[in-house]
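Chain order of the listed sequences is C and Z.
Each residue of the first sequence is one higher than the one before, counting from 79 in my numbering.
Each residue of the second sequence is one higher than the one before, counting from 747 in my numbering.
Treat the hints as calculated values from the structure; they're not laboratory data.
Heads up, a few of these hints could be off.
[Claimed, not checked] Okay, derived cross-link-like pairs now, DMTMM-like style, lysine to aspartate or glutamate, Cα gap no bigger than 20 Å in a straight line:
(1) Lys536/C to Asp821/Z
(2) Lys510/C to Asp491/C
(3) Lys486/C to Asp122/C
(4) Lys521/C to Asp850/Z
(5) Lys920/Z to Glu889/Z
(6) Lys532/C to Glu784/Z
(7) Lys194/C to Asp155/C
(8) Lys532/C to Glu889/Z
(9) Lys920/Z to Asp776/Z
(10) Lys806/Z to Asp524/C
(11) Lys521/C to Asp119/C
(12) Lys521/C to Asp541/C
(13) Lys806/Z to Asp122/C
(14) Lys765/Z to Glu755/Z
(15) Lys521/C to Asp821/Z
(16) Lys521/C to Asp342/C
(17) Lys532/C to Glu755/Z
(18) Lys920/Z to Asp850/Z
(19) Lys536/C to Glu887/Z
(20) Lys230/C to Asp209/C
(21) Lys486/C to Asp115/C
Note that this is a predicted model, so its numbers are computed, not measured.
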Amino acid sequence: MKRIIKTVSAIVLGAMILAAPSMSALALENSYTYNYDYWGDVQDSPNAYTVTKVFPAAAFGLELNFKNPEGLFVQGDMVYICDTGNNRIVQLQRTGTEQFEVVRIIDSIKGDTSVKNLSGPTDIAVSEEGDLFISDKGNARIVRVDSDLNYKLEFGLPVDSTVSADATFQPSKIVIDTAGRVYCIATGINQGLCKYEADGTFSGFVGATPVTYNWMDYIWKRFATQEQRVRLASFVPTAYDNIYMDQEGFIYACASGQTEEDLDSGAAQAIRKLNLLGSNILVENGEYPAYGDLYWGEGGGYEGPSQYTDVTVMDNDIYVCLDKNRGRLFGYDDQGKMVFAFGGNGNMDGYFRRPAAIEHMGHDLIVLDSLDCSLTLFTPTEFGELVYQAIEQFDDGDYNESGESWRKVMELDGNYDLAYIGIGRSLLRQEKYHEAMDYFELKYDDDNYSKAYKQYRKEWVEDHIVIIVIVILVVFLVPLTIGKIRDIKNEIDIADIFRI
Amino acid sequence: MLAALRRKETYQKYFKSLKFALYCITHPLDGFWDLTHEKRGTYAAANTILFLTLLIRILKLRYTSFIFITVYWEDINIFLYIASVAFPLAMFVIGNWGITTLFDGKGRLGQVYMASCYALTPYPLIQFPLMFFSNFVTVDEAEFYSALSVISLVWAALLFVAAMGQIHEFNLGKNILFIIASLFAMLVIVFILLLFFSMISQGVAYFISLGKEIMFRL
């Protein structure tokens with residue numbers, strides 16, 4: 079007996095020693111890119127993007143370093159950087175995969191205006207015909223100039239009963255639509271986006287966030303005195319942080335600073351897609367809302383929800399949000415499902431100190447860091463390109479090819495939920511319902527599963543209709559016949575004529 | 747005991763009492779009265795119903811369509827899962843018996859247990875077919891599943907109330923009052939258990955540290 083115990087304990091001890099190095103190997107650090115699965119568990123993922131290069135001002139041949147740059151705009155291969163602290167806008171042209179050249183530096187405008195020098199430009203937008211719209215915050219105006227910087231028009235303080243006439247107009251972010259209308263976020267105005275017609279007149283506020291408040295505050299306020307009430311925070315809509323107009327003319331607006339409860343309950347959204355009426359039409363079919371990180375605990379000195387400071391929307395309807403809290407980028411597809419998440423705070427390439435703006439150029443992403451005063455260029459990896467390819471092929475109606483691309487994605491990352499659902503959707507379109515069901519079931523996609531199952535059930539019933547009818551007939555007719563036979567037998571048994 | 751198992755009447759009685767559960771759930775007042783007063787229920791049948799309830803609750807995890815139940819298997823502890831039904835039931839039975847004995851309740855501990863188990867009958871009865879049914883529906887038809895599922899629970903709850911009233915020979919008001927009192931009794935039991943276990947562990951820890959100290963000094 080003792081020997082047995084000794085042997086067993088020796089084996090156990092040996093196994094533990096052998097297992098020890100492999101156990102420590104399990105405790106690897108998380109990968110740079112990650113994603114959330116159905117359960118909200120972090121799944122490491124291959125990199126969707128890698129840093130091609132980080133550009134400080136000197137890399138463009140600029141003598142004066144950037145100072146607190148805030149705005150970024152991309153049109154074609156042109157990049158505009160609003161160097162807010164230096165009162166200038168730098169226009170760059172991308173000449174190679176990792177090469178930019180300075181086209182011009184805009185620090186003043188020409189023409190029929192008294193104030194010619196820009197003062198703290200925070201954002202810029204360029205129309206298709208080449209007119210520049212500059213949010214000239216220090217001069218309290220949004221100015222429209224032609225491509226040669228000749229003054230054309232000016233947009234000023236909104237003329238509205240809710241805005242005090244002697245307030246200073248502080249436009250921070252602007253977008254323009256194809257008709258030349260301007261939508262602007264202004265500091266101190268939380269009624270929504272200020273909308274201006276093409277001729278410069280203010281035409282109203284659109285898309286204010288719904289007011290949120292919690293019940294404790296509300297009750298507390300009912301009992302507070304007038305003086306206390308003034309000091310308490312008032313229930314006002316959250317002002318947006320940044321806006322982006324996608325190619326279809328919908329405005330994506332992001333906001334930060336919502337409370338955790340509001341985000342959790344869905345009362346506040348970190349990102350909204352506004353239609354012309356200013357209502358939110360963002361599709362959120364994902365398991366989790368598009369508010370970035372799911373875990374808000376303190377880690378590395380950062381806590382709380384992700385704080386979106388900018389958003390950009392690619393042509394394939396994937397929108398990438400920039401989180402200034404943890405310095406991360408979150409990509410979501412048109413269904414609101416997370417495509418990738420990566421980044422972090424730090425000094426290494428691909429990490430940020432105070433990310434301020436994001437833009438895309440094709441599939442490449444450009445991030446402006448206002449503290450590090452640099453531009454980071456991200457290029458998709460093979461994995462990222464495959465994901466985009468699969469999504470674009472599906473949107474174009476090439477369902478077979480999309481399925482194939484998703485299979486390649488799955489080969490690179492077997493923990494990628496979108497790949498399974500993508501393959502399933504492609505099979506669904508190819509009318510291979512039963513196979514599609516398997517893929518949807520693996521990733522708990524009940525809506526798509528139901529779609530596939532409905533068709534499969536229909537097909538099954540149509541194929542087996544003869545058997546079904548026979549079974550029903552048997553189930554109903556056999557007891558009936560047996561009953562009838564028994565009745566007859568009974569009648570014969572009790573019939574008088576057979577009695578002797 | 748073994749001799750009883752060999753006799754045919756034992757099985758007849760068992761199946762008859764199991765079948766009586768079906769009468770109980772359709773005629774609760776009459777059924778639960780006869781259950782103890784006419785001795786038409788058996789412990790074997792009560793245990794069977796409880797076992798089936800626990801079994802089907804576990805089977806549901808695996809065989810219900812993922813549309814209704816998605817299971818994070820890593821977090822499932824089968825013993826905890828069984829205890830999540832069995833432990834509250836045991837506490838209710840003991841708490842209810844403890845309180846009602848003080849206030850003219852006619853039921854004995856075993857009878858309370860038996861009636862409680864019989865009251866669970868609708869759960870396995872409805873959930874078992876429902877488990878298979880769930881695999882043949884889509885999200886749009888999910889309402890049928892949810893409705894039936896709720897019916898099984900509400901039905902069992904109503905039977906519970908009826909059973910307690912009949913076992914203890916209480917009228918409705920007194921019955922409901924004592925069911926609520928039983929819930930408080932459950933809380934008291936939990937409190938005492940917690941107290942008991944923490945005291946025990948503290949006591950054990952004390953003697954262990956005492957032993958360690960002595961070993962250290964030697």
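Decide if the proposed pair is consistent with the structure: Lys806/Z and Asp122/C, CA atoms, cutoff 20 Å inclusive. Violated: Lys806/Z and Asp122/C sit about 31 Å apart, past 20 Å.
Taking only the CA atoms, is the gap from Lys536/C to Asp821/Z under or equal to 20 Å? violated, 37 Å
Given the hinted pair Lys510/C and Asp491/C, is their alpha-carbon gap at most 20 Å? Measuring from Cα to Cα gives roughly 24 Å; hence the hint is violated.
With the threshold set at 20 Å, check whether the alpha-carbon distance from Lys521/C to Asp541/C stays at or below it. violated, 29 Å
For the pair we were handed, Lys765/Z and Glu755/Z, check the Cα-Cα distance against 20 Å. holds, 15 Å
Would the pair Lys521/C and Asp119/C pass a check requiring their Cα atoms to be no farther apart than 20 Å? Holds, at about 13 Å.
20 Å limit on alpha-carbon distance, applied to hinted pair Lys521/C and Asp821/Z: Judged against 20 Å, a Cα distance of about 18 Å means the pair holds.
Lys521/C paired with Asp342/C [C-alpha distance capped at 20 Å]: violated, 23 Å
Check whether the Cα positions of Lys920/Z and Asp850/Z lie no farther apart than 20 Å. holds, 11 Å
Is it true that the CA of Lys920/Z sits at most 20 Å from the CA of Glu889/Z? violated, 36 Å
For the pair supplied as a hint, Lys532/C and Glu755/Z, confirm whether the alpha-carbon distance does not exceed 20 Å. Given that 20 Å is the threshold and the Cα spacing comes to 51 Å, the pair is violated.
Taken at face value, is the distance from the CA of Asp209/C to the CA of Lys230/C at most 20 Å? holds, 9 Å
Consistency note: the structure conflicts with the earlier hints numbered 1, 2, 4, 5, 6, 7, 12, 13, 16, 17.
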